[in-house]
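One-letter residues, chain by chain:
Protein chains: 2
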Amino acid sequence: MSKNIIFAYRDKEAKEFINNIRSSRALALYVIGSTLTSTIPGISIAGASPSATLYTPSLDMEYLILGRTLSRNTIPITPEGIPTPAVITRAILKIANIPYLIINAGSYLEPKVPSIVLPSRRVGGLISKCEGLAKGVASKILKESEILGKTISKGIDVVIIGESIPGGTTTALGIMVGLGYKAWGLVSSSGPRNPHKLKERVVREGLKVLNKKLKKSLFDVIECLGDPVHISIAGLVKGLISNGVKVILAGGTQMGAVLAILKPLNTKIKGKLVIGTTKWIVRDNSSDIIKLISMIYDVPIIAFNFDFSKSKYWGLRYYEKGYVKEGVGAGGTAIAASVINDVSAEDIIREVHEEYSRLLSMGGLHGEGKTY
Amino acid sequence: MSKNIIFAYRDKEAKEFINNIRSSRALALYVIGSTLTSTIPGISIAGASPSATLYTPSLDMEYLILGRTLSRNTIPITPEGIPTPAVITRAILKIANIPYLIINAGSYLEPKVPSIVLPSRRVGGLISKCEGLAKGVASKILKESEILGKTISKGIDVVIIGESIPGGTTTALGIMVGLGYKAWGLVSSSGPRNPHKLKERVVREGLKVLNKKLKKSLFDVIECLGDPVHISIAGLVKGLISNGVKVILAGGTQMGAVLAILKPLNTKIKGKLVIGTTKWIVRDNSSDIIKLISMIYDVPIIAFNFDFSKSKYWGLRYYEKGYVKEGVGAGGTAIAASVINDVSAEDIIREVHEEYSRLLSMGGLHGEGKTY
Numbered sequence: 001m002s003k004n005i006i007f008a009y010r011d012k013e014a015k016e017f018i019n020n021i022r023s024s025r026a027l028a029l030y031v032i033g034s035t036l037t038s039t040i041p042g043i044s045i046a047g048a049s050p051s052a053t054l055y056t057p058s059l060d061m062e063y064l065i066l067g068r069t070l071s072r073n074t075i076p077i078t079p080e081g082i083p084t085p086a087v088i089t090r091a092i093l094k095i096a097n098i099p100y101l102i103i104n105a106g107s108y109l110e111p112k113v114p115s116i117v118l119p120s121r122r123v124g125g126l127i128s129k130c131e132g133l134a135k136g137v138a139s140k141i142l143k144e145s146e147i148l149g150k151t152i153s154k155g156i157d158v159v160i161i162g163e164s165i166p167g168g169t170t171t172a173l174g175i176m177v178g179l180g181y182k183a184w185g186l187v188s189s190s191g192p193r194n195p196h197k198l199k200e201r202v203v204r205e206g207l208k209v210l211n212k213k214l215k216k217s218l219f220d221v222i223e224c225l226g227d228p229v230h231i232s233i234a235g236l237v238k239g240l241i242s243n244g245v246k247v248i249l250a251g252g253t254q255m256g257a258v259l260a261i262l263k264p265l266n267t268k269i270k271g272k273l274v275i276g277t278t279k280w281i282v283r284d285n286s287s288d289i290i291k292l293i294s295m296i297y298d299v300p301i302i303a304f305n306f307d308f309s310k311s312k313y314w315g316l317r318y319y320e321k322g323y324v325k326e327g328v329g330a331g332g333t334a335i336a337a338s339v340i341n342d343v344s345a346e347d348i349i350r351e352v353h354e355e356y357s358r359l360l361s362m363g364g365l366h367g368e369g370k371t372y
Numbered sequence: 373m374s375k376n377i378i379f380a381y382r383d384k385e386a387k388e389f390i391n392n393i394r395s396s397r398a399l400a401l402y403v404i405g406s407t408l409t410s411t412i413p414g415i416s417i418a419g420a421s422p423s424a425t426l427y428t429p430s431l432d433m434e435y436l437i438l439g440r441t442l443s444r445n446t447i448p449i450t451p452e453g454i455p456t457p458a459v460i461t462r463a464i465l466k467i468a469n470i471p472y473l474i475i476n477a478g479s480y481l482e483p484k485v486p487s488i489v490l491p492s493r494r495v496g497g498l499i500s501k502c503e504g505l506a507k508g509v510a511s512k513i514l515k516e517s518e519i520l521g522k523t524i525s526k527g528i529d530v531v532i533i534g535e536s537i538p539g540g541t542t543t544a545l546g547i548m549v550g551l552g553y554k555a556w557g558l559v560s561s562s563g564p565r566n567p568h569k570l571k572e573r574v575v576r577e578g579l580k581v582l583n584k585k586l587k588k589s590l591f592d593v594i595e596c597l598g599d600p601v602h603i604s605i606a607g608l609v610k611g612l613i614s615n616g617v618k619v620i621l622a623g624g625t626q627m628g629a630v631l632a633i634l635k636p637l638n639t640k641i642k643g644k645l646v647i648g649t650t651k652w653i654v655r656d657n658s659s660d661i662i663k664l665i666s667m668i669y670d671v672p673i674i675a676f677n678f679d680f681s682k683s684k685y686w687g688l689r690y691y692e693k694g695y696v697k698e699g700v701g702a703g704g705t706a707i708a709a710s711v712i713n714d715v716s717a718e719d720i721i722r723e724v725h726e727e728y729s730r731l732l733s734m735g736g737l738h739g740e741g742k743t744y
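The listed protein sequences correspond, in order, to chains G and F.
Throughout the first sequence, residue numbering follows our numbering, covering 1 to 372 in sequence.
Throughout the second sequence, residue numbering follows our numbering, covering 373 to 744 in sequence.
Hints may be right or wrong, so weigh each one.
Stretch by stretch, here's where chain G covers chain F in the computed footprint (C-beta under 8 Å, at least three residues) [as the list claims (entries may be wrong)]:
| no. | stretch |
| --- | --- |
| 1 | 485-494 |
| 2 | 518-532 |
Negatives, chain G to chain F, calculated, CB over 12 Å [to be verified]:
| no. | residue |
| --- | --- |
| 3 | Lys12 |
| 4 | Arg22 |
| 5 | Thr74 |
| 6 | Thr78 |
| 7 | Gly81 |
| 8 | Trp184 |
| 9 | His196 |
| 10 | Lys208 |
| 11 | Ser217 |
| 12 | Leu265 |
| 13 | Ile269 |
| 14 | Asp298 |
| 15 | Phe308 |
| 16 | Ser309 |
| 17 | Ser311 |
Rather than coming from a laboratory, the hints here were simulated on the basis of the structure.
Virtual Cβ for every residue (Gly too), placed ideally from N, Cα, C.
Just chain G, same shape as in the assembly:
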């Protein structure tokens, strides 16, 4: 198992965590939500066009559960045609013995598969206009997700929490900067050319509005520069950890925003939480997850060593060129499957290829065959 896992930061604690969750009872949660911020051209390639990014979270979940989408014709792809990381997550969940649930924190479209809804779910607004969430919504979502975390924690040892929110690294940057961290230039991107300048401009515009306030609470920051997903994940973590459950935050640099929210809430996460991500994130030259996370909350970072470099499929080889990198909890789900169910990297890569070939035969992938 261990050979598939890269202990990227705080090795000793990371290994201890991994040893503790072997043959434990796991549950995976995938939190989805939308922010209009993803429709700003250039911010997100988690969809074929800026407006298509609004449909991505629901399409990801329909595909994850059913193997096909219901709300639109195809699974989410980048403008180049590279498929969503949900392909990886679905392949893993097929061979792992991990139950999973979807949590809708504010998806633009309600997925056409069963999902847990937070009563105060809401699509996020443009953070450039300081409209992250409507007034009063952040605290409600936090409470509701904390309750959910507590309710589902019985009989569970470890929970993997993934996300699907296009524009998420930009709102995460907003949350971290708004809460006082020098996160500029450190978040990753789903594209090989990380649009740091654009992200910074978007956040700075919202920040200008926020800074006119004399006093800024945690919720003021989220409601200006945040989104529905990161606050929901923070609430889940709070509820789960209060009941003794361990957590794998299954995502890249944006999980820094979750940690930044947890900090003022005084959640004791030491020894109880790790970040589980992909090789593509920890080896990314255009971002720095270790520098980012270590300045917020010194938690271990673990990465799964996927390797698609020899794939016969164009759409998977492009993952090795800096496209997509992470999402829908791909890295953390792989780590959990590997540790808990003894699934090997070879098993996962074979299953991803089978899944990819199935999608191709369904006609759901139009990029394959391109040569650029």
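Please arrange chain F on chain G, whose structure you already have, making use of the hints.
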């Protein structure tokens, strides 16, 4: 443990089932939904007034999770002031180690606590007008709940499925009669005076419309005389059992409707499913669960032996006089807690009293002190 449990029907199989689920991994699901049928005066006392019954499912769930309601001031009570059986279920879940989730199949009000939603959820119409569910909805709900059952079945051995749907025995009667069973006069009631004649009149009115159709599919029957909850439970059972999970149908006579739906779907439930209910149901003189169930699907019936006859609280003593009887999976949840967590009847009764006294101190129970 066994002394709290009444093996009411098919003892041998029932005992085998119980032995098989000892120290297994359990999950409880509470399926909620509304039908306008409950607003027909006299049909349901699961609410302070006929129209209040529409709010009962969501209030039950808010109270179950939070210990208080958010959408209205008080927990659901009968017109006499007797509290919802959610009081029993909540008390059990507090001391049992069973995780649980709410499934919204079509509640009039969305509960203000996290719940799983079925994408095609819908409030049911008046079955007297043959408007149980809109055209096409029953098959969609069945598919969605079956998918949900499959998704959550990993790592789980047994699932307890309870319900909260005022008017549920009337729509259950409709479903059973519509599917060809002579269920007249056999369903129970939440009141001591079972309004069989009224229920029969309501069902016969709808049946008249249905019988004008030459061919009647399962879904035609549900969409005329059914509701969103029983078809959802059937779908869950189908999905769960197909993945090898055992099921406790936690409810009274209305679970006959679930069995009647499962029959034409060819679900192999032999040895995999029991009905888990309360003493008040199996000893009810105004209904006959054994006669009813045995004519549909010969499954074991198990009951938990609650005894509130010596309670210092009026609202609990009235349970012994034929009020309420069952609901929110009270009986099946008690059976599961007893078998899986070794919780005794004494523990449960003590915890119910603590919960009741807490509600009284919150001012949530207005009936207490009445002498009728």
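Checked hints:
no.	hint	result
1	485-494	holds (count 7)
2	518-532	holds (count 8)
3	Lys12	holds (29 Å)
4	Arg22	holds (15 Å)
5	Thr74	holds (19 Å)
6	Thr78	holds (27 Å)
7	Gly81	holds (28 Å)
8	Trp184	holds (35 Å)
9	His196	holds (36 Å)
10	Lys208	holds (35 Å)
11	Ser217	holds (23 Å)
12	Leu265	holds (19 Å)
13	Ile269	holds (22 Å)
14	Asp298	holds (31 Å)
15	Phe308	holds (26 Å)
16	Ser309	holds (31 Å)
17	Ser311	holds (28 Å)
Going down the numbered hints, you'll see the structure goes against none, and every one checks out.
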